[in-house]
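Take a look at the letters that make up each chain.
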Amino acid sequence: MSTLTKFSAIPYTGPAPTNRQPYIPVEAERMDARGQEISARIARPAVVQETGQDLPTFLVEKDAIIDVLRALHDDAELQFTMPLDLFGADYPNREKRFDVVYQLYSVKNNERVRLKVRVAEDESVPTSTGVFQGYDWYEREVWDMYGIVFDGHPNLRRILTHEMFQGHALRKDYDPAQRWLLTDRGVSTITPKIDPRYVQEESESDFERVTLNLGPSHPATHGTLRIVVTLDGETIVGAEQEIGYLHRCFEKMSETHTYQQVIPYTDRLNYCSAVINNVGYCMTVEKMLGITAPERAQHVRLMLSEFYRISDHIVCIGTNLVDMGALTNFWWLFQPREEIISLAETCSGARLLPSYLRVGGLAVDVPSTFLAHSQHLVRTLPKFIDDVEALVMKNRIFRDRVDGVGVISREDAINYGFTGPCLRATGVPFDVRKANPYLGYETYDWDVPVAEGGDTYARFLVRFEEMRQSLRILQQAIDRGLPPGPVMVDNPYVALPPKEKVYNEMESLIYHFKLIMHGIQPPVGEAYFQVEGGNGEVGFYIVSDGTKHPYRVRVRPPCFPIFEAFGKMIIGQTIPDAIAALGSLNIIAGELDH
Amino acid sequence: MPVSKVENESIIARKPGVAPGEGPEKGLITLPGESDREVEGLGGASYITTKLDQVVNWARGNSLWPLPFGTACCAIEFMSMVSSHYDIARFGAEVVRFSPRQADLMIVAGTIVDKIAPVLKKIYDQMPEPKYVIAMGACATSGGFYRAYHVVQGIDEIVPVDMWVPGCPPTPDGLMYAILKLKEKIERGEIRR
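Chains L and F, in that order, are what the protein sequence lines are.
The numbering of the first sequence is numbering that gives the first Met the number 0, which starts it at 0 and goes up by one.
The numbering of the second sequence is numbering that gives the first Met the number 0, which starts it at 0 and goes up by one.
Just so you know, these hints were derived from the structure itself, not from any lab.
Watch out, some of these pointers could steer you wrong.
[As the list claims (entries may be wrong)] Straight line, CA to CA, 20 angstroms or less: simulated SDA-like cross-link-like pairs of lysine to any residue:
hint	chain 1	residue 1	chain 2	residue 2
1	F	K120	L	V106
2	L	K115	L	Q35
3	L	K547	F	F144
4	L	K171	F	R96
Here the structure is a predicted model, which is why all the values come from computation and not from measurement.
Whole structure, please, built from the sequences with the hints as guidance.
Structure representation (structure tokens):
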């Protein structure tokens with residue numbers, strides 16, 4: 000791992016840990032200045048800027064929040080048109096114990112903004128679904144997890160937990176292991192909301208309307224989703240989705256573990272591209288600690304991210320085609336995917352979910368075969384991609400199934416908060432790797448693939464091209480070679496000292512003990528960091544109170560708004576269309592339900 | 000075209016039936032040419048019943064029809080096991096059925112949370128006997144590292160389990176090993192329910 004000799008006793012002279020001190024982001028000054036510009040533009044007395052944050056942050060009175068959201072959305076200069084995230088946070092010692100946090104994104108200016116509404120336990124917040132359609136489910140989630148009521152919400156019921164659940168799980172006074180059994184006859188009944196455009200007077204010639212349930216155990220639901228549709232003949236006139244069948248309490252579990260222990264949980268969010276989640280989480284914590292992983296670690300992170308992105312798209316394309324009856328592609332594509340997985344296995348020992356990253360670098364160095372193995376993959380993968388593309392993309396039967404199926408318009412996609420391939424399939428060239436480069440993506444030569452139309456075919460196009468672009472990045476990364484040096488930061492408050500030093504040096508032994516017992520302790524504050532996952536922007540919002548446990552970990556699941564819009568996308572189409580469209584959205588239940 | 004109905008005549012010629020207990024009993028499985036031959040000296044019904052069990056168990060063990068109750072990460076590893084590289088078809092368990100009516104092996108691949116637990120039970124109940132259950136991975140076995148407010152702490156709270164597979168997620172070889180072990184168990188006739 001390093002060049003340390005057995006009895007070297009070089010004391011650590013770097014910065015001391017900064018826990019219990021406020022976290023001051025490096026970009027705080029720039030963000031404060033930008034925040035002042037934004038607050039000058041919207042000019043509301045109910046908005047107070049909170050300085051010293053990593054995003055322009057405002058405290059907003061709860062009664063003014065809709066007005067402010069609308070102002071930010073409509074302002075010709077700002078154009079915060081995309082709802083990125085909405086979540087709660089609980090501070091029981093405060094007079095107004097809850098924070099409701101809104102994060103918006105402006106595609107035009109490529110910037111993010113954070114709004115906070117503070118509410119007491121008996122207060123409610125007006126619903127923002129009138130401004131952002133995508134906030135419908137987010138508000139339900141906040142209600143489910145914190146019990147904050149959103150006035151005027153059209154459908155405020157539990158979303159992640161089941162209907163017999165008592166209490167609100169993410170409140171600090173909720174016992175993490177307190178379960179409530181669903182003893183009723185199982186699955187709740189849902190009446191699908193029928194889009195008003197399709198509600199007609201039922202005449203003699205109409206078919207009888209039928210309600211059909213798909214899932215949660217259904218071959219085409221890829222995990223555990225439930226869709227209830229109302230059919231008029233064969234046409235879908237209403238659809239409603241139910242989620243939460245894989246709610247594994249990621250956020251509550253994070254609060255009960257130390258910072259390093261959270262990493263395996265992040266693997267299991269989007270389990271098809273596990274490494275990317277690791278990168279997002281580790282980089283958020285590193286941002287708070289003010290450290291940067293060594294170059295070698297960053298290079299490996301980037302390469303594995305791109306490999307896992309390809310693997311994610313392979314699973315999406317393969318299984319989507321299986322749903323449409325094209326089994327060959329699945330067999331054919333899974334062979335190279337297996338080799339991608341085995342590359343991760345050589346690095347970490349685990350196959351699908353390697354948990355290979357650590358805060359501050361990597362768990363261990365890559366094997367000496369890493370570059371040769373990667374080069375072999377980069378050489379062989381294009382053939383598989385080309386073969387499958389040639390098999391399906393000009394296939395008449397396939398085109399009939401995907402052209403114009405599951406369409407979402409650009410405006411709707413942004414208004415729901417789409418990111419990733421599904422957004423790029425509507426013609427918006429937003430990719431976090433380009434917009435806010437990390438891991439040195441800006442130094443590589445690659446393009447963001449964009450397709451027009453927003454239908455299933457466009458999503459296929461984008462995914463195929465993204466795999467090629469990932470291969471382009473990978474080839475450049477291989478050509479550059481792995482930078483020499485360690486894979487873990489040289490900071491004993493973050494990285495465990497090497498074993499031989501632990502056994503031979505008093506100081507290292509103490510550091511080892513301190514780190515095992517007290518963990519990493521970031522300074523007090525909050526940070527948000529985002530990476531481009533297989534499905535879009537994976538963002539982590541972490542609140543630290545200076546102890547070894549994160550106070551709050553919020554993950555922004557890119558699937559969440561995408562699946563929320565699914566019901567709208569299939570209106571007016573048939574069940575087979577819905578199946579084809581569902582597969583192309585690549586809904587990963589682990590990420591959706593976190 | 001009018002179809003005339005033939006009375007008392009079948010297309011397939013039938014042999015006249017023998018009353019039970021009169022003729023020597025034969026096993027359900029007959030070898031080619033054996034049907035015309037009288038089986039001598041094998042008259043004991045108990046002997047034939049045992050033999051039949053073995054034959055049936057052998058057939059069951061070699062043609063498991065799995066129903067993947069895949070919820071999470073393990074389902075992806077299950078897909079790996081089914082697909083080209085690991086190819087479970089080598090062991091006769093590749094006929095994946097998503098309908099519980101057509102399956103006899105339920106592979107619970109992934110975390111089972113309280114919300115889906117009644118669904119799991121319902122699907123298990125819908126499977127015809129004999130049926131077997133493999134709990135794939137740490138979550139299905141014990142809740143794994145999700146010791147949490149919404150996660151079932153092991154599916155044996157809900158359904159009986161024949162095989163537990165360790166791992167998070169288990170490798171495809173691990174799952175394959177469990178299927179082979181289950182096959183052995185079925186062939187030994189150990190599973191009675």
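To see whether the hints hold, each was checked on the structure:
1. K120/F / V106/L: violated (46 angstroms)
2. K115/L / Q35/L: Distance ~16 angstroms between K115/L and Q35/L Cα, so the pair holds.
3. K547/L / F144/F: Roughly 19 angstroms between the alpha carbons, so the hint for K547/L and F144/F holds.
4. K171/L / R96/F: violated (43 angstroms)
In summary, the numbered hints that this structure violates are 1, 4.
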